[in-house]
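A.B. asks: Produce the entire structure from the sequences given, and follow the hints as far as they go.
Chain by chain, the residues run as shown.
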Amino acid sequence: GIQVEQSPPDLILQEGANSTLRCNFSDSVNNLQWFHQNPWGQLINLFYIPSGTKQNGRLSATTVATERYSLLYISSSQTTDSGVYFCAVERDSNYQLIWGAGTKLIIKP
Amino acid sequence: DVKVTQSSRYLVKRTGEKVFLECVQDMDHENMFWYRQDPGLGLRLIYFSYDVKMKEKGDIPEGYSVSREKKERFSLILESASTNQTSMYLCASSFLRGGNYGYTFGSGTRLTVV
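As given, the protein sequences belong to chains A and B, one line each in that order. Under my numbering, the residues of the first sequence are numbered 999 to 1107, in order. Under my numbering, the residues of the second sequence are numbered 14 to 127, in order.
Among the clues, some could well be false.
[As the list claims (entries may be wrong)] Calculated cross-link-like contacts (lysine-lysine; reagent style DSSO-like; alpha-carbon spacing at most 30 Å):
#1 Lys1102(A) to Lys16(B)
#2 Lys1052(A) to Lys16(B)
#3 Lys16(B) to Lys84(B)
#4 Lys83(B) to Lys16(B)
#5 Lys16(B) to Lys66(B)
#6 Lys66(B) to Lys84(B)
Just so you know, the hints here were simulated from the structure itself, not pulled from any lab data.
C.D. replies: Structural data, given as structure tokens:
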């Protein structure tokens, strides 16, 4: 089956810093998404990005499907960006997402 | 905004009890999912449904069943709760129409089986 690897596993930054989170996947995918889970457990979908680049405020994501990786950029980090960022891919249009283990981000004031 | 509502935020049940976790979404999404999330194990799919009365097993269906009698409601049933089912349970719904895609989670139910 498809393997999804995220790096780094943990990241601690000062407020205002920029960060890049990476997601590698082992096979072709139909769908790739980025999620943020806040410290209270709520999961929010950030991007649906099977290929190309998207931006939403301070966050942007790029997926290079031919090289099987995706990057999530966070600029000018705020304490509210803390939490766990997950990458998830879909195999074969059967609705099932395969999840990475996540990157735990801590933004210090 | 799409809303996915889970009936309980915290739940404590006794071993052997039959437990119902309810999930309702308000945006006519076709697909609904039940996950459990455990420290160190990430999110694992229990069951999903892509239409009313349809259900598919995910990665860890053992000990669980589901029901989807109406499009907006997807129920997870623990037939006989056990302590190893203590976990955070997350419901989600999704759609893909005309190139637009959405995947929305509920706020989760933290179930403790004693």
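A.B. asks: Evaluate each hint against the coordinates.
C.D. replies: The hints, checked one at a time:
{"no.": "1", "hint": "Lys1102(A) to Lys16(B)", "result": "holds (26 Å)"}
{"no.": "2", "hint": "Lys1052(A) to Lys16(B)", "result": "holds (24 Å)"}
{"no.": "3", "hint": "Lys16(B) to Lys84(B)", "result": "holds (14 Å)"}
{"no.": "4", "hint": "Lys83(B) to Lys16(B)", "result": "holds (16 Å)"}
{"no.": "5", "hint": "Lys16(B) to Lys66(B)", "result": "holds (21 Å)"}
{"no.": "6", "hint": "Lys66(B) to Lys84(B)", "result": "holds (9 Å)"}
Consistency note: the structure conflicts with none of the earlier hints.
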